[in-house]
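Peer 1: Kindly produce the complete structure, drawing on both the sequences and the hints.
Residue numbers (this note's numbering), protein chains in the order written: chain A, 982 to 1305; chain B, 903 to 1219.
Everything labelled a hint here was simulated from the structure, so no lab data went into it. Note that the structure is a prediction, hence the values are computed from the model and not measured. Using N, Cα and C, we set each Cβ at its ideal position, and we do this for glycine too. Keep in mind that a hint or two might mislead.
Here are the computed lysine to aspartate or glutamate pairs in the EDC-like style, where the Cα-Cα straight-line distance is at most 20 Å [stated by the list, open to error]:
1) B/K1033 <-> A/E1294
2) B/K1031 <-> A/E1031
3) B/K1031 <-> A/E1294
4) B/K1031 <-> A/D1036
5) B/K1064 <-> A/D1036
6) B/K1209 <-> B/E989
7) B/K913 <-> B/D1190
8) B/K1064 <-> A/E1010
9) A/K1245 <-> A/E1294
10) B/K1064 <-> A/E1108
11) B/K1033 <-> A/D1036
12) B/K1064 <-> B/E1035
13) B/K1159 <-> B/E1170
14) B/K1172 <-> B/E1188
15) B/K913 <-> B/E1170
16) A/K1175 <-> A/E1108
17) B/K1031 <-> A/E1027
18) B/K1033 <-> A/E1031
19) A/K1245 <-> A/E1108
20) B/K1033 <-> A/E1252
21) B/K913 <-> B/E923
22) B/K1171 <-> B/D904
Partner residues are not named here, just some residues of chain A that face chain B (Cβ under 10 Å, in silico) [said to hold, decoys possible]:
23) Y1008
24) P1038
25) L1077
26) M1081
27) Y1090
28) P1093
29) R1124
30) S1295
To list a few chain B residues with every Cβ distance to chain A over 12 Å, as calculated [as the list claims (entries may be wrong)]:
31) A931
32) R956
33) G998
34) G1034
35) R1050
36) L1140
37) G1146
38) L1173
39) Q1185
40) A1189
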Amino acid sequence: MRTISYAQAIKEAIEEEMRRDPTVILYGEDVANFGGIFRITSGLKEQFGEQRVFDTPISENAFVGAGVGAALTGLRPIVELQFADFLFTAGDEIVLKAGMWRYGHGGAYQVPLVVRCPSGAAGVGPEHGQCPESFFMHAPGLRIVCPATAADAKGLLKSAIRDNNPVLYFEHKLLYATKGEVPEGADYLVPLGKASVRRQGDALTLVAISAMVPKAMAAAERLASEGHHIEVIDPRSLNPFDRPAIIESVKKTGKIVVAEESYKTLGVGAEIGAMLMEQALEYLDRPLKRVAIPDVPIPTSPVLEKFVIPSEESIYAACRELLN
Amino acid sequence: MDKQIALDIYKKIILSRRLEERVAELIKAGQVGGFMHPGVGQEALQCAAIAALRKDDYLLYAHRGVAYWVARGIPLDKVLCDLACKEGGTNHGKGGVMRVVYPELGVLGESGTLGGCFPIASGAGLSIKVKGEDRVVLCFFGDGTSNRGTFHESANFCAVRKLPVVFLCENNGWAVSMPTERSTAVKDIADRAKGYAMPGEVVDGNDVEQVYKAVSEAIARARHGAGPSLVEAKTYRLWGHWIGDPDSYRSREEVEKQWRRDPIPIYEKKLGDEKILTEAIKQEVEADARAQIDRAVEFMQKQPFPKPESALEDLYA
Ligand SMILES: Cc1ncc(C[n+]2csc(CCOP(=O)(O)OP(=O)(O)O)c2C)c(N)n1
Ligand SMILES: [Mg+2]
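Peer 2: Here is the structure:
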């Protein structure tokens, strides 16, 4: 199979879906003339024209909310935010409009909107470097997708565009350049809500999200060389959330570590912990461990950033502690 | 103004005022929940503006009263069921008073946060433009709401993309207890149109003809690709902000004076002078309004409340 980058996979998904469905449009700041600040969308304006691919003013509330309005009236907009952090800038439009319009109006409308959110610490500090997935996992009505590989980046984005609900699609900045095998063909889809078991094992369950997946895989490799077979689970979407996949794995391993690039308090690991308390407590033979940001904003200096962002080493250490 | 249109608007205004009065009684009787913001005094502009729309146009109404729904032709029994949070309405108890919705007539619903309407209206305008349709979007909002950032972002967004959106500000002088002159730096909100290079016009919101004319012109411009407009209708909220508002922040003299500008007698006199309205027609219109409201209230009273577990439905498509 051919190998392409995560960034190319995203572009390919958009291209294929725009070709397939004339109601798909793409817009955001600098996406058309420049191809986006991360250069994901270059050439799309030339291919699909200025009506369907265009640049917007710096008006996150207006253009995210317009995505909701356009979705209510028959389009499938893909809206690019320059940074996932700006979800908070457009908070009303995301949480109260995209998430609640359908429900508040008794199901009269659907909101087939995709908001692309470049996420992740990359030397860009507190307001451009977050992975804010768990804030929005708390909000009803939204779908939350966070691919870790090039193949999932493509297959999940295509599913997100075809989904009739609002989807926040988190693309990690440090994954853009990573490469992987990606199936060809316009019909390649990865369903939302289905976790991927990246590596099988019976010694410990390691749940890793987004850019934590490659770090978790490296830690698992190292632990394998020490004789511990780790099961690495990548949920791929946090809403819908494949709870059974995690519970089944814990029933087998009795131990769990959750690695995520969000703040520890009320992060995804907290939800997994609560879920296991309710549904699988008797299978746990050690306490759950969370590897996450220690409840501070993300500092800009590489030295400081490295200290707060979970690493292969910190994931390895957390697993080791449970295995001892 | 066409005589039939003038008379139709009159009927809608009377039906709206009588319905508002009945809803107030239902609220006092505990049959309709609070949160209803009565539109008494503003029905003329609301009905006149909506009369200028085509059936397939989109509407984002504001929180001020029942006239928007009446004017657009949403069945009264459905409106009343929504107000009472019962089955048989349009939103199944999920949105209550604030979210009457009617896709068949382009009624997109309501944003619970003031100013949430502007980006949604812009998006509907975007859809129209991308699909090459000749529909328009009419978006109502209050003077207080004109200070939300979403207004300014959306006005600019619609102007640069020449989207077919008509922004209609109902300047009733107050936002709850805050007088417009203390909340808003410009005297005329329509002046803000200049900042977004779109036409802005002030009209007397208690004059049906002025409103109908200005909104019709704005709609025509939008329909023909000339982009958005801002119309400011000066009016007054004759009742409290909500049913039960102690209304302690403004003088009785002020309110009394404004009752002398109640748009209904003004319009009746005008239609009478033009021989469109006779005493006989007037009585017929009143009787018809009463009969429609009685029927709808009776329907609503017989409807059940939604099943509690239906709270879990309607979230995802
Ligand atoms: C974002 C937001 N802020 C405040 C409120 C509460 N609120 C509801 S109506 C209202 C006054 C609105 O004034 P205006 O826009 O002039 O409309 P009017 O009530 O006068 O018709 C307020 C403050 C709200 N619903 N949403
Ligand atoms: Mg007001």
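Peer 1: All the hints need checking, so say for each whether the structure fits it.
Peer 2: Consistency of the hints with the structure:
no., hint, in the structure
1, B/K1033 <-> A/E1294, "violated, 53 Å"
2, B/K1031 <-> A/E1031, "holds, 12 Å"
3, B/K1031 <-> A/E1294, "violated, 53 Å"
4, B/K1031 <-> A/D1036, "holds, 15 Å"
5, B/K1064 <-> A/D1036, "holds, 14 Å"
6, B/K1209 <-> B/E989, "holds, 9 Å"
7, B/K913 <-> B/D1190, "holds, 9 Å"
8, B/K1064 <-> A/E1010, "holds, 18 Å"
9, A/K1245 <-> A/E1294, "holds, 17 Å"
10, B/K1064 <-> A/E1108, "violated, 32 Å"
11, B/K1033 <-> A/D1036, "holds, 18 Å"
12, B/K1064 <-> B/E1035, "holds, 14 Å"
13, B/K1159 <-> B/E1170, "holds, 19 Å"
14, B/K1172 <-> B/E1188, "holds, 18 Å"
15, B/K913 <-> B/E1170, "holds, 11 Å"
16, A/K1175 <-> A/E1108, "violated, 31 Å"
17, B/K1031 <-> A/E1027, "holds, 19 Å"
18, B/K1033 <-> A/E1031, "holds, 13 Å"
19, A/K1245 <-> A/E1108, "holds, 18 Å"
20, B/K1033 <-> A/E1252, "violated, 43 Å"
21, B/K913 <-> B/E923, "holds, 16 Å"
22, B/K1171 <-> B/D904, "holds, 17 Å"
23, Y1008, "holds, 9 Å"
24, P1038, "holds, 6 Å"
25, L1077, "holds, 6 Å"
26, M1081, "holds, 8 Å"
27, Y1090, "holds, 7 Å"
28, P1093, "holds, 8 Å"
29, R1124, "holds, 8 Å"
30, S1295, "violated, 36 Å"
31, A931, "holds, 25 Å"
32, R956, "holds, 15 Å"
33, G998, "violated, 9 Å"
34, G1034, "violated, 9 Å"
35, R1050, "violated, 9 Å"
36, L1140, "holds, 29 Å"
37, G1146, "holds, 24 Å"
38, L1173, "holds, 36 Å"
39, Q1185, "holds, 38 Å"
40, A1189, "holds, 33 Å"
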